[in-house]
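Asker: From first to last, the protein sequence lines stand for chains Z and H.
Reminder that position 13 of the first sequence reads as 13 in the working numbering, one-by-one numbering, no gaps.
Reminder that position 173 of the second sequence reads as 339 in the working numbering, one-by-one numbering, no gaps.
Hints were generated in silico from the structure; no laboratory data involved.
This one's a predicted model, so the numbers in the text were calculated from it and none came from an experiment.
Keep in mind that the hints are not guaranteed to be accurate.
Okay, derived cross-link-like pairs now, BS3-like style, lysine-lysine, Cα gap no bigger than 27 angstroms in a straight line [what the hints assert, rightly or not]: (1) H:Lys360 x H:Lys285; (2) H:Lys442 x Z:Lys8; (3) H:Lys708 x H:Lys355; (4) Z:Lys5 x H:Lys437; (5) H:Lys442 x Z:Lys5; (6) Z:Lys100 x Z:Lys61; (7) Z:Lys5 x H:Lys521; (8) H:Lys442 x H:Lys355; (9) Z:Lys94 x Z:Lys153; (10) H:Lys208 x H:Lys355; (11) Z:Lys94 x Z:Lys162; (12) Z:Lys92 x Z:Lys131; (13) Z:Lys61 x Z:Lys155; (14) H:Lys355 x H:Lys437; (15) H:Lys522 x H:Lys511; (16) H:Lys522 x Z:Lys5; (17) Z:Lys5 x H:Lys511; (18) H:Lys437 x Z:Lys8; (19) H:Lys208 x H:Lys285; (20) H:Lys596 x H:Lys208; (21) H:Lys741 x Z:Lys100; (22) Z:Lys131 x Z:Lys162.
Partial pick of chain Z residues on the chain H-facing surface, computed with a CB cut under 10 angstroms [as the list claims (entries may be wrong)]: (23) Met1; (24) Pro37; (25) Gly120.
No residue lacks a Cβ here, since even glycine has one placed at the ideal position from N, Cα and C.
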Amino acid sequence: MHIHKYEKWWLTFGITCLVVFLSIVGFSAFHAGAHPPSAQVYINQEHVDEIAPFDNPGVRKVEGEEWDYEVVVVAAAFMYTPNEFEVPLGSKVKFIATTKDVVHGFQIAGTNINMMLEPGYVSEFVTTVDKPGEFLILCNEYCGVGHTAMSAKLKVVDPDEKREQQ
Amino acid sequence: MKNANSSKQDGRTAAGIILKKSFLTQGLKTEKRETVDRRDAKLAMAHIYVAMTALLLGGLAGLVQVMVRSGQFQLPFGIGYYQVLTVHGILLGLILTTFFIFGFQISAVSRTAGTLSDKQRFWGWTGFSVMTAGTIMAAVMVLLNEASVLYTFYAPLMAHWIFYLGLAFVVVGSWIGAFAQIARYAQWKRENGKQPGPLLSFMVVVNNLMWVICSIGVAVAVLFQFLPWSLGLVERIDVLMSRTLFWYFGHPLVYFWLLPAYMVWYTIIPKIIGGKIFSDSLARLSFLLFLLFSIPVGFHHQLTEPGIDAFWKFLQVVLTFMVVIPSLMTAFAMFATFESVGRAKGATGLFSFFKKLPWDDVRFVVPFIGMVAFIPAGAGGIINASHQMNQVIHNTIWVTGHFHLTVATTVVLTFFGAMYWLIPHLTGRKLTPKLNRLGIIQGIVWTVGMSIMSGAMHIVGLMGAPRRSNFSTYGGSEQAAEWVPYQLAQAVGGTILFIGIVLIIYIFLQLAFFAPKGVQEYPVAEVSEGAQQTPMFLENWKMWITICVALILLAYTIPFIDMMQNGPPGSVGYKLW
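With these hints in hand, go ahead and build the complete structure from the sequences.
Answerer: Pasting the structure below:
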């Protein structure tokens, strides 16, 4: 099969770019650990409220883990429990969430914290919160008539500023 | 003509002049059937009538959506936003596309491989009827508010079982229709011995193969999961598995939309602009690469989901990116054709060949806008599929902006551009200069409207605004307040697009019923003289299908077993609308 000289150059250039690009994505995924949320943790969605850590949702400080804080959230049509969280700026936070009924989203607008919540599964994502401010948490997967009523708040506060205020 | 076989053998051993002869003989052969048989034309037009009805109603639903999302309007009579959204997605994403594509493909096979046999046409009509019946079943359930589950119908939201049965009808009907088209190609191969089949028909076969292989996924989900569950025969549904089966189908679905546009670009645009097909073999190869790399890639729609190991997500990300190769080949072929035409017409400078293209011919201009739109659309697609980068945009309205560039601009403008010769050819009429001019205006209206709407969606999506969501202040959130101006821009763009839809419906009616009677050419280009003989391995279907299935098994087997062995017991149904 004949391939024109220029087409060979064009494809060589294109495929080289592709290889470089995928290598960067792969390197940051497998070496730097920047994978999308892919937890394989299972839960009985009909008894979420009785199962730890969802029996006591909210923010907690943890010791001896790779992260400093855990934010535990329960989603159900059409609310998050609890619906307000506060974490200190610069801390490493593990977001742990699940749903009690249909599929919901867990997106913190303006960040890359974005995961699907599916019945029977626990979703997890670890990240460092390095932007101060108040962030909107919202459901980004259609879940029914009250879909857009589903929201919560994440406050990322600078510990120094907070001390000054007090 | 009599020695097509011997000249083909010559072609293998000698180049140049003898090859020209073989193409001349091929040209003679196709000349005999340059028109689509009236009976086939009727079948094709039946599909296109349904497609245009879907376009008008689905477009109206889209107009309503952008209005409501702007926060300035509210729906009357208790109509739900998500009901309208379901109508929009199903009518435009599934019905407009599938019916238009089948109408076009039937005409393409009839034009290049020959008139359908009575039996093939019978199966074509059967497929059409089954698909239409399914569409009506699903539509009635959506209108009765029994199925406001959007076109992705994610479990455990549970629609009425008739909705799922309707979808099954659409899929099965499409298999019957695809079978009729493939059968015509097989007949050509039987009658013409060992030589590559007509390029355009070959492309139709590849697209149908891809469609059948991928829609098995959604058919399995509907028949074995959703129907028994919605009928109450089983209590629970495996949510992750149903989503995985859907996206095994959902991504090739977008290539099923795109490949007919590529058929127009590869085989028809060169003829319209007065050129030849750059390379027959490379065109075939690029289609086969799409067959291989469109299917084992569904996880890139599920990157942020639990229950799927990140390694398998990454593997499918890599497979997803392989479609870059045939896309680059297509871009090269297009520009090579444009340049050869421009140079043949006397262009000398580096880019001056562009000026020689027929910028006053709607059949070229409108699909060309579609090609240009594919550059930002493809770049956006690369972001979407990039493993961890997906988290920035997943389920934001950026994604909506993205596929309004791919399917609603690139694909749809190519289809609109094709209508200017296809509809009059099929109805025995002629494209008039007036409609040609109006068509170019329609293309510009579309471009303006889409630039505003899709541009706003991309920007506000990056700011975090979600897709598939009604207007909301999110409890007075400051972030959500910043989205409102962009949502107004979406409404402005969406309104301009609706004007574009009204225009194209008017043009369609003119072309189908009122344009002067005559013969409108069905343009199909010939292969350029310099091209070499198409190698037969490109028609080794067994080999290509085997590789295709092997890639699917590689990408899906282990994660699927994982879901079956470790997955939760499943979910009961909910009706939350």
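Asker: If a hint holds in the structure, say so; if it does not, say that too.
Answerer: Results of checking the hints against the structure:
no., hint, verdict
1, H:Lys360 x H:Lys285, "holds (24 angstroms)"
2, H:Lys442 x Z:Lys8, "holds (20 angstroms)"
3, H:Lys708 x H:Lys355, "holds (15 angstroms)"
4, Z:Lys5 x H:Lys437, "holds (24 angstroms)"
5, H:Lys442 x Z:Lys5, "holds (19 angstroms)"
6, Z:Lys100 x Z:Lys61, "holds (25 angstroms)"
7, Z:Lys5 x H:Lys521, "holds (25 angstroms)"
8, H:Lys442 x H:Lys355, "holds (24 angstroms)"
9, Z:Lys94 x Z:Lys153, "holds (16 angstroms)"
10, H:Lys208 x H:Lys355, "holds (25 angstroms)"
11, Z:Lys94 x Z:Lys162, "holds (22 angstroms)"
12, Z:Lys92 x Z:Lys131, "holds (12 angstroms)"
13, Z:Lys61 x Z:Lys155, "holds (15 angstroms)"
14, H:Lys355 x H:Lys437, "holds (25 angstroms)"
15, H:Lys522 x H:Lys511, "holds (7 angstroms)"
16, H:Lys522 x Z:Lys5, "holds (24 angstroms)"
17, Z:Lys5 x H:Lys511, "holds (23 angstroms)"
18, H:Lys437 x Z:Lys8, "holds (25 angstroms)"
19, H:Lys208 x H:Lys285, "holds (15 angstroms)"
20, H:Lys596 x H:Lys208, "holds (17 angstroms)"
21, H:Lys741 x Z:Lys100, "holds (14 angstroms)"
22, Z:Lys131 x Z:Lys162, "holds (15 angstroms)"
23, Met1, "holds (5 angstroms)"
24, Pro37, "holds (6 angstroms)"
25, Gly120, "holds (3 angstroms)"
In this structure, every one of the numbered hints holds.
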